[in-house]
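Listed below, chain by chain, are the residues.
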Amino acid sequence: MEFSAEQIADLVNGIVIGDPTVIVSYISKIEDGTPGTLTFLGGEKYQNYLKDTKASIVLISENFIPKDTSELPTMIVVKDAYASFNQLLRYYNDLRTHKTGIEDPVFISKSAILGQDLYVGAFSYIGNNVKINDHTKIFPQAYIGDNVTIGENCYIGPGAKIYNDCTIGNRCVIHAGTVVGGDGFGFEPLAEGYQKVPQLGNVIIEDDVEVGSNCTIDRATIGSTIIRKGVKLDNLIQVAHNVEIGEHTVVAAQTGIAGSTKIGNWVMIGGQAGIAGHLKIGDRVIIQGQSGVMADVENHKRLFGYPAIDYLKYQKSFIYFKDLPKLVSRLKKIEEKLDK
Amino acid sequence: MEFSAEQIADLVNGIVIGDPTVIVSYISKIEDGTPGTLTFLGGEKYQNYLKDTKASIVLISENFIPKDTSELPTMIVVKDAYASFNQLLRYYNDLRTHKTGIEDPVFISKSAILGQDLYVGAFSYIGNNVKINDHTKIFPQAYIGDNVTIGENCYIGPGAKIYNDCTIGNRCVIHAGTVVGGDGFGFEPLAEGYQKVPQLGNVIIEDDVEVGSNCTIDRATIGSTIIRKGVKLDNLIQVAHNVEIGEHTVVAAQTGIAGSTKIGNWVMIGGQAGIAGHLKIGDRVIIQGQSGVMADVENHKRLFGYPAIDYLKYQKSFIYFKDLPKLVSRLKKIEEKLDK
Amino acid sequence: MEFSAEQIADLVNGIVIGDPTVIVSYISKIEDGTPGTLTFLGGEKYQNYLKDTKASIVLISENFIPKDTSELPTMIVVKDAYASFNQLLRYYNDLRTHKTGIEDPVFISKSAILGQDLYVGAFSYIGNNVKINDHTKIFPQAYIGDNVTIGENCYIGPGAKIYNDCTIGNRCVIHAGTVVGGDGFGFEPLAEGYQKVPQLGNVIIEDDVEVGSNCTIDRATIGSTIIRKGVKLDNLIQVAHNVEIGEHTVVAAQTGIAGSTKIGNWVMIGGQAGIAGHLKIGDRVIIQGQSGVMADVENHKRLFGYPAIDYLKYQKSFIYFKDLPKLVSRLKKIEEKLDK
Numbered sequence: 007m008e009f010s011a012e013q014i015a016d017l018v019n020g021i022v023i024g025d026p027t028v029i030v031s032y033i034s035k036i037e038d039g040t041p042g043t044l045t046f047l048g049g050e051k052y053q054n055y056l057k058d059t060k061a062s063i064v065l066i067s068e069n070f071i072p073k074d075t076s077e078l079p080t081m082i083v084v085k086d087a088y089a090s091f092n093q094l095l096r097y098y099n100d101l102r103t104h105k106t107g108i109e110d111p112v113f114i115s116k117s118a119i120l121g122q123d124l125y126v127g128a129f130s131y132i133g134n135n136v137k138i139n140d141h142t143k144i145f146p147q148a149y150i151g152d153n154v155t156i157g158e159n160c161y162i163g164p165g166a167k168i169y170n171d172c173t174i175g176n177r178c179v180i181h182a183g184t185v186v187g188g189d190g191f192g193f194e195p196l197a198e199g200y201q202k203v204p205q206l207g208n209v210i211i212e213d214d215v216e217v218g219s220n221c222t223i224d225r226a227t228i229g230s231t232i233i234r235k236g237v238k239l240d241n242l243i244q245v246a247h248n249v250e251i252g253e254h255t256v257v258a259a260q261t262g263i264a265g266s267t268k269i270g271n272w273v274m275i276g277g278q279a280g281i282a283g284h285l286k287i288g289d290r291v292i293i294q295g296q297s298g299v300m301a302d303v304e305n306h307k308r309l310f311g312y313p314a315i316d317y318l319k320y321q322k323s324f325i326y327f328k329d330l331p332k333l334v335s336r337l338k339k340i341e342e343k344l345d346k
Numbered sequence: 007m008e009f010s011a012e013q014i015a016d017l018v019n020g021i022v023i024g025d026p027t028v029i030v031s032y033i034s035k036i037e038d039g040t041p042g043t044l045t046f047l048g049g050e051k052y053q054n055y056l057k058d059t060k061a062s063i064v065l066i067s068e069n070f071i072p073k074d075t076s077e078l079p080t081m082i083v084v085k086d087a088y089a090s091f092n093q094l095l096r097y098y099n100d101l102r103t104h105k106t107g108i109e110d111p112v113f114i115s116k117s118a119i120l121g122q123d124l125y126v127g128a129f130s131y132i133g134n135n136v137k138i139n140d141h142t143k144i145f146p147q148a149y150i151g152d153n154v155t156i157g158e159n160c161y162i163g164p165g166a167k168i169y170n171d172c173t174i175g176n177r178c179v180i181h182a183g184t185v186v187g188g189d190g191f192g193f194e195p196l197a198e199g200y201q202k203v204p205q206l207g208n209v210i211i212e213d214d215v216e217v218g219s220n221c222t223i224d225r226a227t228i229g230s231t232i233i234r235k236g237v238k239l240d241n242l243i244q245v246a247h248n249v250e251i252g253e254h255t256v257v258a259a260q261t262g263i264a265g266s267t268k269i270g271n272w273v274m275i276g277g278q279a280g281i282a283g284h285l286k287i288g289d290r291v292i293i294q295g296q297s298g299v300m301a302d303v304e305n306h307k308r309l310f311g312y313p314a315i316d317y318l319k320y321q322k323s324f325i326y327f328k329d330l331p332k333l334v335s336r337l338k339k340i341e342e343k344l345d346k
Numbered sequence: 007m008e009f010s011a012e013q014i015a016d017l018v019n020g021i022v023i024g025d026p027t028v029i030v031s032y033i034s035k036i037e038d039g040t041p042g043t044l045t046f047l048g049g050e051k052y053q054n055y056l057k058d059t060k061a062s063i064v065l066i067s068e069n070f071i072p073k074d075t076s077e078l079p080t081m082i083v084v085k086d087a088y089a090s091f092n093q094l095l096r097y098y099n100d101l102r103t104h105k106t107g108i109e110d111p112v113f114i115s116k117s118a119i120l121g122q123d124l125y126v127g128a129f130s131y132i133g134n135n136v137k138i139n140d141h142t143k144i145f146p147q148a149y150i151g152d153n154v155t156i157g158e159n160c161y162i163g164p165g166a167k168i169y170n171d172c173t174i175g176n177r178c179v180i181h182a183g184t185v186v187g188g189d190g191f192g193f194e195p196l197a198e199g200y201q202k203v204p205q206l207g208n209v210i211i212e213d214d215v216e217v218g219s220n221c222t223i224d225r226a227t228i229g230s231t232i233i234r235k236g237v238k239l240d241n242l243i244q245v246a247h248n249v250e251i252g253e254h255t256v257v258a259a260q261t262g263i264a265g266s267t268k269i270g271n272w273v274m275i276g277g278q279a280g281i282a283g284h285l286k287i288g289d290r291v292i293i294q295g296q297s298g299v300m301a302d303v304e305n306h307k308r309l310f311g312y313p314a315i316d317y318l319k320y321q322k323s324f325i326y327f328k329d330l331p332k333l334v335s336r337l338k339k340i341e342e343k344l345d346k
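Residue numbers (my numbering), protein chains in the order written: chain E, 7 to 346; chain X, 7 to 346; chain B, 7 to 346.
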């Protein structure tokens, strides 16, 4: 896909300084710019790159325009270059990944209700009483179990699996291989072995949620596992049965949240963290990567460590942990002195 | 699906106190009961909820029947309310997820041998010489490689992948996206790079095993990776080549077990634990979540920490770890005293 | 498949001592040998097994031939028994997993360019402008997005997903369920919630790379996430956007590498390790399992711990960590002495 400076200026409500007919077909960072690419000036510290970049077009915020523009590449002046750049990227991404229509073969139950302007990729499976709303894209080999509802403008990646009875809101993204609604891990120990506790609840994913690839979000035993609106989950994340993740919480890859734990709003959780079951994590908590959280956490706390404690406290203790051999020899010296 | 109190009493061999015609269509916890739901009285501490619950039917153990039942919802009296409730849930779950027949299109090799009363979902693949026994359900997009044998009454979830030559026992559940029999991670370092050591063994999964979603259980280099009967694995678990997991061992999500390690019977392993290769873990061992086990473990031990040591020992040491800054200032004070 | 001692000797350029017509159909370890299997003598310490093994054929290095061979099984004498054994295993594995042709149904875009001697399994999806080179095997239910290029002699496992615009070199193995090119985890925080930063780059996998099952390798925001030639990744590994992994680096299962981190050549990373974002890890570094790397690492360093520090330093400190209760009581005794 090719775009002229003039077309781009139209899209972002900008003004061209330089050649409006220059063409770009890809994007670059300003320091790695190559001819035929669009870039942006990200802030003051990048200003030196402006005269050296080989990018053909630079998006620039209005308060960064240099006095002398004669030797510079074509610029498009906007209010906020970073915001306009991201807007263009989203536009480009939408164009690039746009798919529509129903490929062949697919399996669609007669009782399924499909909205307008859908994409349903080949080999995807849509069960009984499924409802899929307008402009949603179901990529190839996805599985949508019986009674599932999916909102508008969603993206369900290739091979994603949504088990029966789950619901997904509007503008959600579920990447490839993620499993929504698998059975929670519930077994009753008997003398002769473990007996399965049936997992009869579902998963509710609210609006504007993004879930990465190969995650597992288990259905509730009874009731619902709930992912509130605006939550963003990275890849390979485990969300156990009856967990609730509050609005606008972000979770990095490979983190696991055990059963029935409730996580607040605007929480940030690093990668590979583990949160034990039946806990309450407050709002705007920060949990560092690999931490092991084993107790409730109040709002605004920052945690670190295994087991996780206050962030600064763990860091201080770890400094002395590294020094333990020295501390022990100081202790020994004292003992020797006292023995004498 | 709707059930009357009378129908339910029949299923669990119970006696109705109240209206035998009252209808329920879902389940609830006694404290969250809503009209049209069935619940159960879980024990003495829940007895207060009995008169307040809005559930339409309450399963109740015979020794908990109140004297005055005039103001109470319809009750069904059984020996053990919890056991009967779970029995009903399993019955309901079986009804709800029951599928049968072979959907279209599927790929089934002519040399495959299929039992009675199977479900084979659309887009599933059944290779050469595969044998699938009666009443087993293969969900859509599952892959069953050449020479695989699957027992009776199994559930193979959507998109699960069973590589060639593996065997799965009776009454096993393999959830969506799990890969059984991928190559073990074996490479020989040469000057010019790593050379693959072919992985020619298989995976044997015995009876009554449940494996969650998106797990990876690698085939043995030679011989078999073995999951003994009654084992329950949660989601996103890694089982490396030539591992053996003993009977009735349960493993929580995201745990990894490295190559050739043998784990005993009735072991409990928490989430995100890591167990190094070539170890022997005894029977009834408990390994806390996120522990890193780097040595053999005797029967009945409980481990914690990274590296994992005795559970109580780690906890005690961690108490002082948190206090290290104070301990160091005590040490300093002593040194100052002695210097004077 | 059956092979005679003579056939095997031909394949490995060896000399038969014993019966050249004896037949084997599988392999065994020398200590577990059964009739009808081929094994090898791995080194001096296994020599005692030679006369006891029930294996029908033993590969033996020329400097290990016993004087009296009368009571021994048929032997095939080669230069290096282990190397020849592995060569045979690769040969056997190739025979056993060999598939060719295009099964039905598949979805292949008219604009895709397919090489010679391919296998394309049923229900696999090949998008627009895809190029797949000779002798590559695409297993059932794999997804190859638009504009993807795959080299020669590759193996793409069942249900693997390669998103649009990614490229894969020659002789690569991508196991089942792995997702290459999912969106990187990039969001901009706004007052009303997180806004997605479009992920427009791709993933480049060079020659001779092997990736295990259910891994996730995210596409770059801009530019490429790069897996250099000869890299071997185990299962369930997370590689974030814009990461670069150097040549011949091996990574064990469940490790995660955060965004934009560059890892050197010939690095060895244990299982469940976590490496923070924007770091530079040198060449031939060794990172122990479960370590949490939070800073740049120089060439040849060996790291351990959470947070990760020098391997030996962590081990020494951990010895005293285990002793902390004792150290504290020594401290207390000193204080009491001084108080008197």
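Please keep in mind that the hints were generated in silico from the structure rather than gathered at the bench. Take the hints with a grain of salt, since some may be wrong.
Any copy, or any two copies together, can satisfy a pair, since identical chains are not distinguished.
[As the list claims (entries may be wrong)] Within a straight-line C-alpha distance of at most 20 Å, the following computed EDC-like cross-link-like pairs (lysine to aspartate or glutamate) qualify:
hint, residue 1, residue 2
1, Lys51, Glu12
2, Lys332, Asp316
3, Lys235, Glu253
4, Lys51, Asp345
5, Lys57, Asp74
6, Lys319, Glu304
7, Lys202, Asp100
8, Lys57, Asp100
Keep in mind that this is a model prediction, so the values were computed, not measured.
How the hints compare with the structure:
1. Lys51 to Glu12: neither (27 Å within a copy, 72 Å between copies)
2. Lys332 to Asp316: between (25 Å within a copy, 16 Å between copies)
3. Lys235 to Glu253: The answer is within: 5 Å in one copy meets 20 Å, while 41 Å across copies does not.
4. Lys51 to Asp345: neither (62 Å within a copy, 53 Å between copies)
5. Lys57 to Asp74: Cα proximity of Lys57 and Asp74: one copy only (10 Å, versus 82 Å across).
6. Lys319 to Glu304: For Lys319 and Glu304, the Cα distance is within 20 Å only inside one copy (16 Å; across copies 28 Å).
7. Lys202 to Asp100: Classified as between; 12 Å across copies, 44 Å inside a copy.
8. Lys57 to Asp100: Answer is neither: 31 Å inside a copy and 56 Å across each miss the 20 Å cutoff.
When the structure is compared with the earlier hints, violations turn up for hints 1, 4, 8 and for no others.
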